[in-house]
Structure formats: C-alpha cells, structure tokens
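Work out the full structure, taking the sequences as your base and the hints as a guide.
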Amino acid sequence: MQENPLFDGLFKYKIATAFTIVIFGASGDLTAKKLIPALYSLFSHGFISNFKIIGFARSKWDSKFFKEKITDILKQHPVHSADTTALPDFINCISYISAPYDTDEGYELLKQRTAASAQVVYYLATPPVMYEPVIARLGSNNLSRYDQKSTKIVVEKPFGYDLASAEALNSHLLSIFDEKQVYRIDHYLGKETVQNIMVYRFGNGIYEPIWNSNYIEHVQITVAEKSGIGGRGSYYENAGAIRDMLQNHLLQLLSLVAMEAPNDLQPDSIRNEKLKVLKAIRPIDRRSSMESLVRAQYGGGIIDGETVKSYREEHGVAPDSETETYVGVKLFIDTWRWSGVPFFLRTGKRLSRRSTEISIQFKTPPHLLFGRDRTAQLNPNSLTLAIQPDEGITFRFNSKIPGFDTKMRTVNMSFSYGSSFAEKSPEAYERLLLDVMLGDNTLFTRNDEIECAWRFISNLITAYREEDKNRLLFYPAGGAGPEEADMLINRYGIKWRKL
Amino acid sequence: MEETMNRELNPESIENKINADLEKQPAHNIRACLFNLIFIYNIFREHLVSELLDFLFGKRPARIIHLQQTEKPVSSSYVKVRCYPDPQNNQVCFQEIIIQNGKDEIGNAPGTWVPLLIHEIPVIIVWLDSLQPFPSMLHTISTLADKVIFCTEANHLLGEDPLTVCRNIERQLIVRNENSTPGKPVVSDLTWFRSLPLRQQTALLFNPVSMRQYIYEIKDITLHGISQSEALLYLVWLASRLNWKSTDVKSGLPRFMDGRGNRVGIHMRDDTARKVVFITNDGQEFSINRIDEEGGECIINERHVLLDELDSLDHDPLYYDALNKIRENE
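Line order of the protein sequences matches chains A and B. Heads up: the first sequence begins at 97 in this note's numbering, then just goes up one per residue. Heads up: the second sequence begins at 154 in this note's numbering, then just goes up one per residue.
Treat the hints with caution; some may be incorrect.
Simulated pairs of lysine-lysine, BS3-like, Cα-Cα distance not exceeding 27 Å [stated by the list, open to error]: (1) K233(B) - K130(A); (2) K233(B) - K520(A); (3) K520(A) - K212(B).
Label pairs and their computed distance ranges (CB to CB) [what the hints assert, rightly or not]: (4) N163(B) - S435(A): 31 to 41 Å; (5) L460(B) - I302(A): 26 to 36 Å; (6) P485(A) - L460(B): 16 to 26 Å.
If you're looking for bench data, these hints aren't it; they were derived computationally from the structure. By construction, the Cβ of each residue, glycine as well, lies at the ideal position given by its N, Cα and C atoms.
Right, here's the structure in full:
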C-alpha cells in the first residue's frame, strides 16, 4: 500500500476511535463520582466524540431515569456545572440496562446494543464479589472476543483479597480475555505527579548517578489522609490499610521510585522494570515483622476543630474490630542499586493532614569538614516529590548564614506546579479512561505485578498474624499516627517527615 | 493589579518598581517565572497583544517586556504586576514592563531592556512588527533569544508580501545545520499553526487506502476563503511533502511542478467559506470543506497555539522543510 506522506507530524494528540463503554455497577458511587464526570470531560474537550455509554446494574432504572440521574450529577458537579453546553449531546449517547449480573437476560440485550460497535469497553465498577459472575457471563455470551471487534475490560481495585484470590481472579479473567485486553486500574498511576516521577528521574541526567545506595540513606513514602472511611465501613472492615493502600498505591509508588530505567516507553518495558522491583522486595517474615511493621487503628479525636468518631464507632464497623487504619512498614529491596537502603512506607486515615509524598534522604558528606558537632545539627540533603495536595519538588540543602562565623542552616529550593503550570491537570480517571480507549496500558497493572504485590502482602499478613506480640495499636484521630511507628524509624537514627 | 508609571528607562529603577509592586501581592511564590517573553509591536496593536496575554494570564508565570513602537518623540516606560491565585494560594504572576519606544530609539536599544531579562530562563520573542525590510534590530536581539515567534498573517495585514516575509525569515534566521551554529534561535510562525486544520484535513482526505493513489496526481488546487499568508504556508507544506519543485517567483504565491515536471495549477478565490478543491490528472475532483478555524487576525485565533509554543523550545521540522521550499529556486 502506498504511504501517505502528508500524515507525518500533524496529529499531536491521539483521539479515541468510536467505542461503546459498558459500565457494570452503573448505579453506584464510582460511576457517579468518577466515571461519568471523567467521560463528560473527555467529551467536552474533544478527546472522545463517537461513543455510547451503556449503564448496566441491578437497580430497577430505565434509560430515561439513568439519563436524568447523570444530568443531575453533571449539573451539580463542582467543575462541570460551570459549563453544561455539551450536556445534551452527551446525554444522547447514554442508555441503561437493568438486569442481574448472574443471569443471561441482560447480556443478550447488551449483545444487541453493542452489535454495531467496533470497540467495546467493559468497566467493572461493581462490588468485587460481582466480578466473577460478570466476567463469566461476558464469556458465556460470547461478548469477550469478537472477530471484527476490539473488546477490553477494566477492573477496579481491589484486585483480590490475598494472593490466592488474586491468582483465582486473574486465572478466571484470563480464561475469558487475553492479558492485552485487561486493564487493572490503580487510579494513583493516572495522577500527573505520579507520572512525573519517571520524567523527573529519567528526563534529568543529574539524578541517575546518585540514585543508589552509595548516596541515598533512606527513602520515605507517605500517603496520609485526613478523612476517615466515609460510608465504606463494610468494605474497609475486610480490607484495612494494608490491602486498601499498601498493596497497590504505596507499592506502585515504591516501584516507580526504585525501578531501573526502561529501554523505552513501551508499556511492557516499563512494567517489566516495575515488576523487578516488586520481586526484589525482601519478604517480611514472622521474625522480622516485629521490627518492620506497625499496624494501628484510629480512635476518636479532633480534626479541623471538629470531634470525630473512632474507627470502631463508624457505621458498618464491628465494635471490637481489629482492622488497621494505619500501617507503617520498613522494606528493603535486594538489588545492587538499593542494597542496604531502608524504605519506610506509611499510610493512615484520620491523620492531621492530607499529604502524599516521596522523600529521598541523602547521606551526609563523607568528611565532616565543618566539625562534627555542627554537622550533626544539620539536616542531610533531601529531595521530596510532593504528589498531593501541593504538587511540587523540594530540594533541601545547607547554606552558610551570613556573618563572620561559619554558621550553617538548612534551606529549601522549591518548585511548585501550582505557581508554574497553573492550568488544571487532567483527573486521573480522565487520563486512564482515554488510555483504555487508545489501547495504551502503560498506566495499568499487569497480572504478574498484582500477584507479586499480593505475594509480599500475603506474607506480611501471615507474619503478623503468627506473631502474637504484633498487636493492633491505637492512635488519636488528628495526630501523626501511633508512637510505635516512630520507633520503627527512630532506631535508624532518623525520624518520619513532619506531616 | 499594580501599575506603576515610570518615565525613566533606567533598568535598575524599573526593577525596583517591579519589586515594589510584587511586594504588595498577598501570597507566596510570586517570583516564580518560567520564561522571559518579549513582545515587539506597533502600539496600534496593543489591544491584540493584551487579549493574547489575557489568555495566558494565570497559566504561566513570566517576565514580559513589551517593546511598543510609537511616534512619541521620547521613549518611556511603565510597569505592571498582576497575579492569579490558584486554589493553594500560589500566585501565578505576570511581571510586565511596557517600554514605549519613541523617535529617540532609546526604548528599542538593547541596553535599555536586556538587563531586565531574568537570567537562566528562556527568552522568547514574539515579533509582530514589520519584517519588510528585515529589521537590523531583529538580528541583534535574536542572538539573545531561544525562540522567535512570528505571525506572517499579521505582517500581511501590515501590507507586506507573505512570500517576501517568509523568505526573509528563512534567509536570516533558519539554521539548516543546527550543530554548526548553536547560537541561533528556534523559529516558529503562528500562521503556520493556523494552517494546521487545513493540513490535517488534507492528510485525512488522502488517507483512505482508496485515495492514496491520488496523492501524487494533484493537477490543480483552488483555495477558497483562505488568506494569502496561510495559503502560502499550506502550499509550501504540500510541496515539501510531495517533492514538488518550486519555480522562481518574486512575490505572491510560488509556482510548483510535480514530480513528473507538470505544472500544478494554484487558484485563490475570495469566499466566506473556507474550502480547498483538488483536481487530479484524471479529472476527478475532491474537496475539503470542513475547516474549523475561522478567519481574522491570527494572533487572536492562535492564543492556545502560543501557549504550546511557549512551552516548547523545539522547532517544527515540517515548518523548516516547508520554508526550505521557498528557498529552493532562489
């Protein structure tokens, strides 16, 4: 076929080709709060134009009611309510199927409605317990593979409850779909600043030579939340901070910070490097769990001047719940690059401040030129990548205080996204949904990544369950977490960064 | 917004005024700047530049120097600071210095405004003043710049011939072998980006497999409702992609011969609707008539393009190749 020389270099952005997205769990919160606003934003910005949205759920709604619900959602949305000019066209693309997930009735109708679509995306926004029947029915109704059709499936977290359930879910999913059709979503990876970690590391020549155990003393990764569990009590009771945050968000951040440079930006090149990191995390066993892990649960307290309930008083939570809402963990990555460098990860709910950041702390100079006593008072250099809420990068270093004496103090060099690039970054779900339509799975988790992360987490859970002394601790809401978490890090002569 | 009149042209005094106005801003990060942006334009275009900057305001912090060309006998200046708070109360500020160059030419003198450039950040010049003849000042200041952005449509509206303007830009500023003269700035043209929808639609028209056979069979092109400057850039793009040879023309639109040495007919039609009609060697007719961009003075329509251009210091190789077609048969 003759080439088209006119095409080169003209199309800067990829525009999604025609598609139908089927949202299972369309009457739920995720659809209302994230998926519909993200799809509307993509539509109003011209990234998608030829599409259909089919809501699929058990709620006894019809298309008219679903359209009204979506209209209300968008009219009340904090961003989209300001401009609803594209709303009528958007609503026209929507329909709804009310049916059980585990009978063929709805799927037959779905087959008719998607018959003319060249690309169909199934989005599992149901409770996880419904994944298996939906996947099975998509398979048995021949909706997973078509000869002339591209089909994809997006699976929300939690992807499994432990290693065994994750393996079972992967196995079931891959008996119906091919891995290249599967998009396991971790919305953290859709955040602009998380994507910037790779740009920052591999787009600047200065960091790579010092990004190793020769220069880095330790790394801290913090995902602190001020909010509690909201209305998710029954879900959270079975998950806890380890499954809800550590298994996915924190380990994904860790892998981006610690990975080797990929050969190229192909999805599998990046995911292969991330997988190597996950595989190299030293397992935490019963013996090491006492000094490597802190689990805690929030009690009552004060946040923003308001009294808040303890976790055990939350709706849907057992009064004697042993579920952790805070976890602090010390990890080692057994590779040449990271040999001996501790990684401290913590996440918790009802902490004093919302903050997600990665802080790289460098070693002090090898020769204490300015005297041991003075140097000891100084902070080592650190590089902090703030991911939310104030996205930016801060480098901390020491400087001489003007005067006749050689006094030093720590100063900061800061880059703030807010004051440099003021326009709004795309929401994580916008970016990820568009990537699904475009067939780019770089920012999605592969089956082996998921299983590797679960292998580490399952070992961790087994270890603390076997170790009686590793009991659940408590911390007051509005604080920085349990005191014992300080001991986790203090024994290295360092402390957690202030929240 | 703080605005301080400053009749003096002393850089230190101007800097002090800027600092004083910045100090009055309520929040932190007011001094962040991503680039120096120098606008050079006749004062009668002030409102257009102002609209352009209003679009950029709140998106990127910058030190902006206006070199307004006026008929006043004596040059003067004033400063303006305006900041836009984001939700975290970071302030995205414009530090603007408006130098009104008079007949004394002191305002234009690099000694007046070069000390006002912030070090270590890019210098981007937006040249909206005359390019015919090529101004000697542009030679001088382009050595300071990382990028020079033109708008040949704006020059056309000044009564200048687009072909001559583009030829001047190509001759004076485009570096063929970048490694040999690293000091030269990147050059871009807002009118080039204005022609992007036209180029995209053309590429899409000939993209279906059934249409590929006609790509090298174009015998005649009629452009409806497209300005001469945009038509010029569009045609030299086509010529560069299809390996047409250009023939020597002093002004107006260039003429081209296709790969077989046959002349390609070019026709311009005044029209309100923007349309391009192609006739092939076997007499078939194809047209593009869904070109979304509207007419008007390009610097207003290309505000979003300017933002992209300010974010990148790379050149567009397609643009450089297209301009090379203008030079080909000189």
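Structure-based check of each hint:
{"no.": "1", "hint": "K233(B) - K130(A)", "verdict": "41 Å, violated"}
{"no.": "2", "hint": "K233(B) - K520(A)", "verdict": "26 Å, holds"}
{"no.": "3", "hint": "K520(A) - K212(B)", "verdict": "9 Å, holds"}
{"no.": "4", "hint": "N163(B) - S435(A): 31 to 41 Å", "verdict": "59 Å, violated"}
{"no.": "5", "hint": "L460(B) - I302(A): 26 to 36 Å", "verdict": "28 Å, holds"}
{"no.": "6", "hint": "P485(A) - L460(B): 16 to 26 Å", "verdict": "25 Å, holds"}
Of the numbered hints given earlier, the model fails hints 1 and 4; all others are met.
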